[in-house]
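Engineer: Next come the chains, spelled out residue by residue.
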Amino acid sequence: MKIIYTDALIVGGGLAGLRSAIAARDKGLDTIVISMVPVKRSHSAAAQGGMQASLGNSVKGEGDNEDVHFADTVKGSDWGCDQDVARMFVTTAPKAIRELAAWGVPWNRIGKGPREVIINGEKETIVEKDEAHGLINARDFGGTKKWRTCYTSDATGHTMLYAVANEALKRDIEIHDRKEAISIIHENGICSGVVARDLITGELIAYVARGTMIATGGYGRIYKQSTNAIICKGIGIAIALETGIVSLGNMEAVQFHPTPIVPSGILLTEGCRGDGGVLRDKDGYRFMPDYEPEKKELASRDVVSRRMIEHIRKGKGVKSPYGDHLWLDISILGREHIEKNLHDIQDISKTFNGIDPADEGEKGWMPVLPMQHYSMGGIRVKPTGESTGMKGLFCAGEAACWDLHGFNRLGGNSVSEAVVAGMIVGEYFANYCVETHLQTNTFTIQRFLESQKAYLQEILSYDGGRNIFDIKDRMRTIMQEKVGVFRNGKDLTDAVNELEDLLKMVKEITVTDKALCNNPELNEVYRVTKMLKLALCVAKGALERTESRGAHFREDFTKRDDENWLKRTIATWTNPNDTMPTLSYEEIDINKMEMPPAFRGYGKKGAIILNPLSEKREEEIAKIKESLGEVDRFTVQEAIMPFDLQKEYKRKNERVGVGYD
Amino acid sequence: MINKSTQKLDNIEGYREIDITVFRYSSQVKDSKPEFQTYRLVETPGMTLYIALIKIWSTMDHHLSFDFVCRAGICGSCSMVVNGKPRLACKTRTNEFEDGKITLLPLPTFKHIKDLSVDTGNWMNAMSKQMESWIHTKEVTDISAIEKPIEPDVAQAVFDLDRCIECGICLASCSTKIMREDFVGAVGINRTARFAIDPHDERTDEEFYELIGDDEGVFGCMSLMGCEDHCPKDLPLQSKIAYMRRKMVKV
Chain U
2 MKIIYTDALI VGGGLAGLRS AIAARDKGLD TIVISMVPVK RSHSAAAQGG MQASLGNSVK
62 GEGDNEDVHF ADTVKGSDWG CDQDVARMFV TTAPKAIREL AAWGVPWNRI GKGPREVIIN
122 GEKETIVEKD EAHGLINARD FGGTKKWRTC YTSDATGHTM LYAVANEALK RDIEIHDRKE
182 AISIIHENGI CSGVVARDLI TGELIAYVAR GTMIATGGYG RIYKQSTNAI ICKGIGIAIA
242 LETGIVSLGN MEAVQFHPTP IVPSGILLTE GCRGDGGVLR DKDGYRFMPD YEPEKKELAS
302 RDVVSRRMIE HIRKGKGVKS PYGDHLWLDI SILGREHIEK NLHDIQDISK TFNGIDPADE
362 GEKGWMPVLP MQHYSMGGIR VKPTGESTGM KGLFCAGEAA CWDLHGFNRL GGNSVSEAVV
422 AGMIVGEYFA NYCVETHLQT NTFTIQRFLE SQKAYLQEIL SYDGGRNIFD IKDRMRTIMQ
482 EKVGVFRNGK DLTDAVNELE DLLKMVKEIT VTDKALCNNP ELNEVYRVTK MLKLALCVAK
542 GALERTESRG AHFREDFTKR DDENWLKRTI ATWTNPNDTM PTLSYEEIDI NKMEMPPAFR
602 GYGKKGAIIL NPLSEKREEE IAKIKESLGE VDRFTVQEAI MPFDLQKEYK RKNERVGVGY
662 D
Chain Y
824 MINKSTQKLD NIEGYREIDI TVFRYSSQVK DSKPEFQTYR LVETPGMTLY IALIKIWSTM
884 DHHLSFDFVC RAGICGSCSM VVNGKPRLAC KTRTNEFEDG KITLLPLPTF KHIKDLSVDT
944 GNWMNAMSKQ MESWIHTKEV TDISAIEKPI EPDVAQAVFD LDRCIECGIC LASCSTKIMR
1004 EDFVGAVGIN RTARFAIDPH DERTDEEFYE LIGDDEGVFG CMSLMGCEDH CPKDLPLQSK
1064 IAYMRRKMVK V
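Chains as they are written, first to last, in our numbering: chain U, 2 to 662; chain Y, 824 to 1074.
Calculated from the structure, these hints are not laboratory results. A hint or two may mislead.
So the derived label-pair ranges between C-beta atoms look like this [what the hints assert, rightly or not]:
#1 583/U <-> 861/Y: 48 to 54 Å
#2 287/U <-> 852/Y: 57 to 63 Å
#3 1038/Y <-> 467/U: 54 to 60 Å
#4 839/Y <-> 316/U: 30 to 36 Å
#5 971/Y <-> 659/U: 57 to 63 Å
#6 487/U <-> 1030/Y: 39 to 45 Å
#7 857/Y <-> 243/U: 53 to 59 Å
#8 953/Y <-> 316/U: 58 to 64 Å
#9 1038/Y <-> 4/U: 53 to 59 Å
#10 1038/Y <-> 361/U: 35 to 41 Å
Ideal Cβ placement from N, Cα and C applies to all residues, glycine included.
Using the sequences provided together with the hints, build the complete structure.
Structural biologist: Right, here's the structure in full:
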């Protein structure tokens, strides 16, 4: 029996995991990060366009602050998010980016004086202030009021991940790669580590720790077409679900990005549109202003994706062997801008499609179509990042539902969330590890190890002749066709039934190679089983939610229904032999909101069933404001919705021209 | 041995068949012997080695091992030797090879795991530690205060070197590496150049000399430039090695 003991165990080596590891190590804790792949290969590296933080350095970001970022994030979430968490996030984001700058992330910097930009398809000249010279620049992104997305060309996630990973190496944090957590060790509602599998030797290892953090990212690969890396299978989320007591939140909240390239599904950053790129149809016509006169191509992702499909359904798509698509035109930005700020996009388009997007006119247009991109749902945790169902189990980043994004995440808020959660949740997690002592014993640990060993043996003994790859393909096709951008009751019912059949069918497969190590087919069997459980949570959650909110759109219930559905879907897997998740709901309290539900300012008008409490709360807030008289914005905020955050992170952020106001 | 693809296409007319020959060996299996195996499959439009290998793995041979993560040329996982040249498999289109014959070998100089899978992660982590790949400064940053201004051109120059994805291709193309096992390679030297030009980093040339001022470092390079020829990110490795060498000579 192999047991590795540590103080703080982190599963997943992307931005959230590594930043949390640093928080733990800095408290003197022995810290281990386990990861399926070398940590610098994590999917955080694929974030292209940037990180939102309200620095307000650029002239196009003037007037930006935490309040504006907060409002954008809440509207983006279609009021599904936890507003306390959104406040914690926007207050810490400027600090996160400044910490990263000090760690060497080569953020694009502002040059004073005039520069030419493309806004709404037209050339414009903006003039940057002298005092902003050399400070961190920002570009425009969807659903934001200000230019707030800071970037390093279109390789932002890469430079961030490398800086954070190198800081982890500097602190001698132990990194064990090619290890996959396949089960959570727990007893009496307390987590004490994971059973992990060495992906080279096949050996099962118990990692035992005072506290455990899951930071394994999203579950995009349950869809056939996804921008996600092939490791984004949601295994970390699934093993939490399999404990029976940890719950998942809003699994049906799945984001579809408007502009992955066809057919490979590789992402073309929102920065393409943020920098002035436009969408065109088969006639070369720029159609978005017709649908969204105000935000045009830069409405939130859920809205743009739906508008694109709507336009294709009108027969305006471009025919191709891979189905209909639309065009993304960035040629209007000019070759120089593209080669400097959209370098990887150009490389991707040239390599995979033979198109140089800097070529003028039609020749440079890239074929795009909305595809799965981000998982808003995940392990349901408190604002501290600790699971609502199990002590000592924390979760941060895309794997978590703490819940910053509600039903739609804004572009630029993902890598930002990853590092910010790594700081905030990392700190709560580290404190827990300092204060807590192991409460397990080798008997329990052995029981969990042996149960996993028996499970793997059981898989090898299946002898029904079916093929796991067929089951996986079918699952991904069902999710694509029936649980996609547009959803309806009939398709969702079919999806739930078929997915349940597939889950049962796993026991009817045969694994051709019976080896316990170095057997990619065996890995596939337990992974697909876990993915099917997540797929069921997504499909069932979507079926039951009879409204449209953010990225979840029901053709048979087209309105956002705040009267009945201002709540979070909670999924558990109560019995290991169940073939369906158990759903329950968690109310979101309007009376505590800083910003009660209203129209987002983009998307279809008149598609909301408002809750009367919204108006009541608005009045209440107006009264609070009135009673306060002339006070600063921080006092107002604190009076309306006080929130907890570590002192260091709650400090005011300095900005050019306004100081700490 | 040739495995016939079982894939079905709606219309395979006009599509050619290609042969992909793969090195097979597992260090974990006692009686495993290194051998080549050839797979014949139909080449679909736009096929990359990622698409081809996934096809082989899911329909013809579930035991085949290889490493892909992002499949978009961003993460550096899938380096392998393609018809004699080290490349990122995900960015390699099969239609580049006119005769339709492609031979794949695992990336040399790294610890072999199985088939096309090698351990680049631990080597790169060790290199990053050896090069002390982080900002060295005595300054304490107040993260609430306005950040230190950096000249835009300087930030851009640091970014250009920070684009390295640690794929290992520079080492696999390096003749020095074959002779000197401890050579840090272009990846290591480029890393020091990246920090040397970063205004946040206070290290002196003397301190960098301690890291790379010997034959395992910048003086080991024989200037054959296989690294720059094959770098999938087109990094200016030749000029950066020269830049660091000029600096180190002066120490």
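Engineer: Now look at each hint and say whether the structure bears it out.
Structural biologist: Structure-based check of all given hints:
1. 583/U <-> 861/Y: 48 to 54 Å: Given about 50 Å between the Cβ atoms, the range holds.
2. 287/U <-> 852/Y: 57 to 63 Å: 58 Å Cβ-Cβ, so the 57 to 63 Å window holds.
3. 1038/Y <-> 467/U: 54 to 60 Å: 58 Å, holds
4. 839/Y <-> 316/U: 30 to 36 Å: With Cβ atoms ~34 Å apart, the hint holds.
5. 971/Y <-> 659/U: 57 to 63 Å: 19 Å, violated
6. 487/U <-> 1030/Y: 39 to 45 Å: 59 Å Cβ-Cβ, so the 39 to 45 Å window is violated.
7. 857/Y <-> 243/U: 53 to 59 Å: Given range 53 to 59 Å: violated, Cβ gap about 39 Å.
8. 953/Y <-> 316/U: 58 to 64 Å: Between residue 953/Y and residue 316/U, where Cβ atoms are some 60 Å apart, the hint holds.
9. 1038/Y <-> 4/U: 53 to 59 Å: At roughly 43 Å between Cβ atoms, residue 4/U and residue 1038/Y fall outside 53 to 59 Å, so the hint is violated.
10. 1038/Y <-> 361/U: 35 to 41 Å: Taking Cβ atoms as reference, residue 1038/Y and residue 361/U lie about 50 Å apart, which means the hint is violated.
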